[in-house]
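Enquirer: Protein sequence lines, in the order shown, are assigned to chains A and B.
In terms of this note's numbering, the first sequence is residues 559 to 654.
In terms of this note's numbering, the second sequence is residues -9 to 398.
Don't take each hint at face value.
Partial chain A-side listing against chain B, Cβ under 10 Å, derived [unchecked claim]:
id, residue
1, Leu576
2, Pro578
3, Ala580
4, Thr581
5, Gln582
6, Ser593
7, Gly653
Just so you know, these hints were derived from the structure itself, not from any lab.
Values in this document were obtained by computation on a predicted structure and should not be read as measured data.
Ideal Cβ positions, reconstructed from N, Cα and C, are used throughout, including at glycine.
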Amino acid sequence: MKIQSRSFFDRAGVPDDLCPIATQANPMLPGDWRSLRPVVDRDKCVKCAVCWLYCPVQCVVEKPAWFDFDLATCKGCGICAEECPQRAIRMIEEGG
Amino acid sequence: MAAVAQPERRRFIVCDGNEAAALAVALARVDMVAVYPITPQSSLVEYLAKFIADGKLAAELVDVEGEHSVLSVLQGAALAGGRTYTATCGPGLAFMFEPYLRTPGLRLPIVMSIVTRDTLSPQSVWGGHQDAMAVREAGWIQMYCETVQEVLDTVVMAYRIAEDHDVMLPVNVCHDGNYLSYGSTRIELPSQEVVDEFLHAPDVNWHAALDPLHPMAIDRLTGGAGGVGPGLFVAYRKGQCAGMHNALQAITATHETWGRLTGRPHAPLIEKYRMDGAEFAIVTLGSMTGAGKDAVDAARERGVPVGLVKVKTYRPFPVQALAAALRGITAIGVVDRSVDFGWNCGPMYRDTLGALYHVASPARTQSFIGGLAGADITVEDFGRVIDTTAALARGGGASATIWLNQQG
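Let the hints inform the model, and build the full structure from the sequences given.
Expert: Put into structure tokens, the structure is as follows:
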């Protein structure tokens, strides 16, 4: 297939009643609307990386002796806590 | 503008409607084809696969797992800048419904043949317009073909109409399952040079693009009860209506240009057949029109003042053109190949009533439904339609919908 990527996109030349598009990135991150937050028990974590494998937003961060989370992008889904074989992750309420 | 094609350059072939549509896709130099086979469209897909394998069509063929994916793939291809095509019908069209609704909203000029087939149930694999009629309000342009030649010419023209910057809407080219899909006839094949001159290189993602260098969110959220959302939604809806409105002019201009280039003018919106001096008229859609014209010829020979109006462009409905064609006509019989459940008449009959209301026409009208599930609407059937409409013109009363080809 011939790809016809345009070298420029002239937003001003496009009527605003055609295709609904947005060209400005929304500054909100998942961490802005999370209701539960994962907390790691560093004594229990064995760095098996199961949480790292399962995290849908790839917010798991490796530390020297344990795995932790980038809370700006963590959406609080709790999959890591559910999957952790060591039961080392607990979900606690934000603002609690 | 080039002169009409010279005789020595003309090339004639024998093919059916499915091959004619596939030939048109090759002539239009389509970039991506996504397909899923379904009767009576299957051979069309096989022709496309063959043309690609033979190197006659330099397109990517995506053989997906179902029609929902067919149209989703093409949406991505169109947003990446490709010229796109698919064909489906009946249950396949039903399975395609979600992306089908989204396509006109994204203003993607995808061309899709509907090889029209009656819908289930009762079980049937034969022709009828019910599938295309079921999606007539979804926002696609819909044009119905009368002949195999018109199938080829209309698929080529569909790209110019869809990609018109004032239109930017997807187009269904409808051709009757069985009668046109498998009916073989002699047609003229336009040269590649003529089609290249007629169709520009695709410019289909100037308004929304999947472009890594300039990322954007396609189909952002609108609507809701307050704020700017509901107003945005209305703006896009009205934009679609504007595209539909502009399509009437684009379809007319495109047919005119194509007629000049090829020497084959097709009526763009409606075709008037022997309407001069007609006192009453019948209205037809699709391949049935040939039998209708024969019946009108026979009636005219007996001195019966009947004419015929064929609707080619069904969406947008040519309200003004049809109303003008039927001005002064005293009785009108509308023949549909599908059912408008609830009104219990033909859908085009209801559209015709709407058009007549615009000009406060006092004409008496009658709905006929025939050709369901592959039934042949014969010249004799049309003779009955003409006789019934003639009685109406003489002051007889209209009856409930008259079903042709009825058993018992």
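Enquirer: For each hint given before, does the structure comply? Return the numbers of the non-compliant ones in rising order.
Expert: 6 and 7
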